[in-house]
Structures are given as C-alpha cells and as structure tokens.
Amino acid sequence: MNTEHGEGQQHPIGLYLKIWLLLFVLSTLSYMVDYYQLEGYLRWTLIIVFMLLKAGLIVAVFMHMLWERLALIYAILVPPLCLLVLVGLMAVEADYTFLSRVIYFGQEG
Amino acid sequence: MNTQQQAVSGWDSVSADWSSDKDAFKRVPWGKAMMWIFLLSDTFIFTCFLTSYMKVRMTTTEPWPIPSEVFALTIAGQSIPLILIAIMTFILITSSGTMAMAVNFGYRRDKKKAALLMLVTALLGASFVGMQAFEWTKLIEDGVRPWGNPMGAAQFGASFFMITGFHGLHVSIGVIYLLVVAHKVQRGDYDRQGKYDIVEITGLYWHFVDLVWVFIFAFFYLW
Chain F
1 MNTEHGEGQQ HPIGLYLKIW LLLFVLSTLS YMVDYYQLEG YLRWTLIIVF
51 MLLKAGLIVA VFMHMLWERL ALIYAILVPP LCLLVLVGLM AVEADYTFLS
101 RVIYFGQEG
Chain Z
1 MNTQQQAVSG WDSVSADWSS DKDAFKRVPW GKAMMWIFLL SDTFIFTCFL
51 TSYMKVRMTT TEPWPIPSEV FALTIAGQSI PLILIAIMTF ILITSSGTMA
101 MAVNFGYRRD KKKAALLMLV TALLGASFVG MQAFEWTKLI EDGVRPWGNP
151 MGAAQFGASF FMITGFHGLH VSIGVIYLLV VAHKVQRGDY DRQGKYDIVE
201 ITGLYWHFVD LVWVFIFAFF YLW
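One line per chain: the protein sequences are F and Z, in this order. Take the first sequence: its position 66, counting from 1, is numbered 66 in the UniProt record's numbering, and each next residue is one higher. Take the second sequence: its position 37, counting from 1, is numbered 37 in the UniProt record's numbering, and each next residue is one higher.
No lab work stands behind these hints, which were simulated from the structure alone. By construction, the Cβ of each residue, glycine as well, lies at the ideal position given by its N, Cα and C atoms. Careful, some of the hints might be misleading.
As the list claims (entries may be wrong) - Restricting the straight-line Cα-Cα distance to at most 30 Å, the calculated cross-link-like pairs of lysine-lysine (DSBU-like) are:
| no. | chain 1 | residue 1 | chain 2 | residue 2 |
| --- | --- | --- | --- | --- |
| 1 | Z | Lys184 | Z | Lys26 |
| 2 | Z | Lys55 | Z | Lys138 |
| 3 | Z | Lys112 | F | Lys18 |
| 4 | Z | Lys32 | Z | Lys195 |
| 5 | Z | Lys112 | Z | Lys184 |
| 6 | F | Lys18 | Z | Lys138 |
| 7 | Z | Lys113 | Z | Lys184 |
| 8 | Z | Lys113 | Z | Lys32 |
| 9 | Z | Lys195 | Z | Lys184 |
| 10 | Z | Lys195 | Z | Lys113 |
| 11 | Z | Lys113 | F | Lys18 |
| 12 | F | Lys18 | Z | Lys32 |
To be verified - Residues on chain Z that point at chain F, a partial pick, calculated with CB under 10 Å:
| no. | residue |
| --- | --- |
| 13 | Phe44 |
| 14 | Leu50 |
| 15 | Lys55 |
| 16 | Thr59 |
| 17 | Ile80 |
| 18 | Ile83 |
| 19 | Phe105 |
| 20 | Val129 |
The shape of chain Z in the complex, shown without the other chains (with noise of 0.2 Å):
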C-alpha cells in the first residue's frame, strides 16, 4: 500500500488519493452516490429558478397572470382550467411508477420485463415532451413571449420558459437516458457484469426529474 502511494506523483497521486478505497457511503455502488451528488446540484439549479420566479411574482407591479385561464383547454365546448397540466402531471408519475418496477426486476434479473418497462417509462416520457411542446405552441400563438405578454406582468414568460424549458429539456435527456440503458438491458449487458445497480441509477434521475415537476407543479401552475 506504502509503496504505491510513493510510487505515484502529480495528477496520478490526486486520483490515487481520491480513489484509495476510504468510502464513506458503505454499501453503497459509487456510481449511486455520484447520481445523488448530481441530483443535489440539479436541486439547486431548480430551486434558484424557483426563488428568482417567487421574487419577481413577489416584487412585479403589473399583476401576473392568472394560470388557471392561461392553461386552460377548449374540450368540445367547455373551458376547463389546466386540464393539460393535470394530464402531464398524471403522466410523469404514471412514468415514475413503471421505472420503480424497472428497477425490481432489474435486480430479479428479469431483464424482459425490466427492459419492457423502461420502454414503456420513456414512451411516456417523449409524450410529455410532446405535450409541452403543445402547450409552449399555445402560449407563444397567444403572444406570450420571455419579455412580455398581453395578459400582465412581463416576467411571466421570462419565468415560464426558462423554468419548464429546463424540466423539459431534463426530462429529453432522460428519454435518451433510458433507451439507451432499456437496450444495454435487454441485451443482457448487465448480466456479463453480474449487476444491475445502473437501472436503479437510472431510476434515480428519472424520479428526480417526476420530483421537480410535483414543485413546479405546485409553485408554477397551481398557486
């Protein structure tokens, strides 16, 4: 041990010291602990969006809009308030759902199912891109824009871009994400290696980008 350490100098001894074994997660795959690690700082990403869009719906001096009628859908007749929000909320944790169960028989070695599922969780995933795609069409047709709109406060666009152009561009990547991990699943990968600790990563971005969604969610639409 000594002697390898002495052996090693420059860049190759900070790697070796940062590598040498003294973990602090026990039990914990490494590549685990760095996806939480990661995650914590996307927390902070999304919260400093968050903050900025509370201060400036705190602060502006033009009302804001009211998202209960700028979300609002047309169905055969009736205008009903955040309906498509509603429907993408439902969808995103519908998505949470079928990755959890992924991930279980990812460990049961049930690499058909767990690959079927993570299929089924980006399916989902790509629809609720496709219905923000819809919704962004709707609100720039109404001349909504990041510098101003007809209904109130300029920061409202500014804030609504920038906030659910951020989640969407999270949860695209996590499309990506999981077909790519569905296909190294399902080509049995994981087996060869003898884990399947990459599913439960996976898993782990994707409920986090579910977990964003129930504040701006709450935040954003609702309140």
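For reference, chain F alone in the conformation it holds in the complex (with noise of 0.2 Å):
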C-alpha cells in the first residue's frame, strides 16, 4: 500500500496549480482557434496538438500516472492503441460509405 512518497500520492500543492494554470492557458487557446476561425490544416493541427497536450497533463499529473508503476501503466494505457485501429478503419472506408449515400439517397434530396 506505500508508495515511495509514504501513504498514497504526495506531491506539492503547487504542482497541481502549476498545472491547472497550465490548462487554464491551454483551454483559452485552443478556445482562441475557434475565436479567430483559423481553418483547414492549422485549425485542425492546433486543436489536436492542445487536445493531446491537455489529456495527457490531466493523465499524468493529476490522475498521478507519472508516479504509477510500469505494469500499470501499460496495462491501462496500451489497450486504448486499439482504438486508433478502428479510427483508422471508420476513416478509409468513409468515402465508400458517402459515395453510397450518394448514388442511394441523392436523388431525394
């Protein structure tokens, strides 16, 4: 039941207000791509690079994944790899499934 810190997790207070200031700042500028409508490549880069920054300081800070042991780090964060597959999967064939709507449904419209 101890860890290296003693009982539980013990960190500094303001390490956690360090990184609650740090997603304040994230959360106002991804807020900001949508506020200057920035569009195509950029638009879609920054909001993926705050999106990710944001999870995985909430993660590793304040879900204390930083501090866990490695059997359980993997064992919660390897499983989620399998998602990207069925992302990857849904976006190849997406043309088919519009190029289908179209010939199928497109006259109604």
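Take the two lone chains and join them into the complex the hints point to.
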C-alpha cells in the first residue's frame, strides 16, 4: 500500500496549481482557435496539439500516472491503442459510405 | 495454504483463486486498480461514440451545422461564438484542480480541507450540469432533435444528444459520488480505517470526466 512517498501519492500543492494554470492557458488557446476562425490544417493541427497536451497533463499529473508503476501504466495506456485502429478503419472507408449515400439517397434531396 | 485451496470447491474456489493475493499491480490498492480498469472500459465506450460521430460527419451528404454558430450566445447585444462551452470547459478544469488538492489534503489527514474541497468540486460539477441543461433547452427550442434539425445534417442532433448526454450523466453520477465520499471524509470514516485511498480513487473518476470533456470539446465543438 505504500509508495515511495509514504502513504499514497503526495506531491506539493504548488505542482497542482501550476498544472491547473497550464490547463487554463491551453483551454484559452484552443478557444482562440475558434474565436479567430482559423481554417484548414492549421486549425485541425492546433486543436489536436492542445487537446493532447491537456489530456496528457490530466492523466500524468492529476491522475498520478507519472508516478505509477510501469505494469499499471502499460495495462491502462496500451489497450486504447486498439481504438486508433478502429478510428483508422472507419476513416478509411468513409468515402465508400459517402458514395453509397450519394448513389442511393442522392436523388431524394 | 494448500489445504485451504482444497477445502473450497465450485464458485467459492473461483473467487478464492482470483483473490489469492497474487497481485500484479504491486503497491497499488485494489480499489485503485479496479477504478483504472473501469475507466479503461469507459474510454472504449466514449471512443465508440466519438468514432461514430466522426463517421457520420465524414459521410453525410448534407452540410454539417457549424458548431461555432450553433453554440453562440448573445450577451449584451453581441454574438460571442461558443462562449458557454468555453465557460463550461473552465469550470470543469477548475473542478479538477480542486479535486487534485482534495486528494492531497486527504493523504495529509486534513479531513476538513479535503471534505471542503470535494464539496467545492461537487458544486462546480453541478453548475456544469446546470449549464448543460440550459444548452440542451436552447438547442431544443431551436428545433434540434435526434432525428433532424433546421441547420443541416440530421445526424448532428443524434451525435450531440448522445455524446453530451452520456458525458452529462457521468458528471451527475460524479457529483453524487463526490458528495457521498466527502460526507464520509468529514465524518472520519477513513481515519478509522487508517487510509485515504478512496479520495484518490474518487479523484480518478472525476479527472476522467474532465478528460473526456477535453476530447468532446476538441472534436465536437471546435472541429
């Protein structure tokens, strides 16, 4: 039940406040992407970069993944990689679904 | 040890085997490991929702409604894009911050501060749900339904209500969970048990709710 920090996870409060501030800044930046109506690849890249940074900070620091043992980290973080395969498959065949819709539902509209 | 294993049979032997102290996650309380595994399964559920949303958005033959305009609010005569969603994002991040500090004070045996911070977290969560209810009401008044809407692709409503509804349900359950644990903290239950793991486990669930919102915010509202 003990970690190297004595009981549970103990870290200075200042660390949480810094991460909190960082998350605020990143959220503001991602809101700015919409506010200034950036378009195309610049928009999508920025959205994904800010999203991944926020997600990483939350999991690593707030959820203490940074200080967990490797066995737990791999058990939790590796399985979601399957989901990337799902997303990839669905994206790859999207044009096929789109064309089917154009062919079969196109005339009605 | 051996005699004990032979003594039980049937379902008892199944549970005896699974709980035979051969822990894979060293020095991780079982409750925490189980919460992580639950969150892993929840990750799969939310990703399935977001993937189906991606799919319908990529394949719809009608234009997708522009979220920036759909979720704009008029404040003091000015239309500000996505402002409510931005406020909701900041509220949820703030609640994550207070939760992280509650965990910290829990482990320091400062149960007054821990319970108070959990209460603040729950209040922020409740206000998030309140704003979501406001947002739903506004969209329903605008004619958005799961089967259609006046702005464009019919699947917009289905994706919106499904994804934000499921997330809102998670926040609501989280608020109840937080209130129950906060009550137990200030009553001193965990002093008697001698451990404050439960606060960290509750925190894991709460941070996960925030984490899911990060992805919904990026893919549904900003994309």
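Quick rundown of the hints versus the structure:
1. Z:Lys184 to Z:Lys26: At roughly 27 Å apart (the allowed maximum being 30 Å), Lys26 (chain Z) and Lys184 (chain Z) satisfy the hint.
2. Z:Lys55 to Z:Lys138: holds (26 Å)
3. Z:Lys112 to F:Lys18: holds (23 Å)
4. Z:Lys32 to Z:Lys195: Measuring from Cα to Cα gives roughly 13 Å; hence the hint holds.
5. Z:Lys112 to Z:Lys184: Between Lys112 (chain Z) and Lys184 (chain Z) the Cα gap is close to 11 Å, so the pair holds against 30 Å.
6. F:Lys18 to Z:Lys138: violated (36 Å)
7. Z:Lys113 to Z:Lys184: holds (13 Å)
8. Z:Lys113 to Z:Lys32: holds (22 Å)
9. Z:Lys195 to Z:Lys184: Holds, because 12 Å separates the two Cα atoms, which is no more than 30 Å.
10. Z:Lys195 to Z:Lys113: holds (16 Å)
11. Z:Lys113 to F:Lys18: holds (20 Å)
12. F:Lys18 to Z:Lys32: Between Lys18 (chain F) and Lys32 (chain Z) the Cα gap is close to 25 Å, so the pair holds against 30 Å.
13. Phe44: holds (7 Å)
14. Leu50: holds (8 Å)
15. Lys55: holds (5 Å)
16. Thr59: Given a least distance of 4 Å, the restraint on Thr59 (chain Z) holds.
17. Ile80: holds (8 Å)
18. Ile83: holds (9 Å)
19. Phe105: With a minimum Cβ separation of about 9 Å from chain F (threshold 10 Å), the hint on Phe105 (chain Z) holds.
20. Val129: violated (19 Å)
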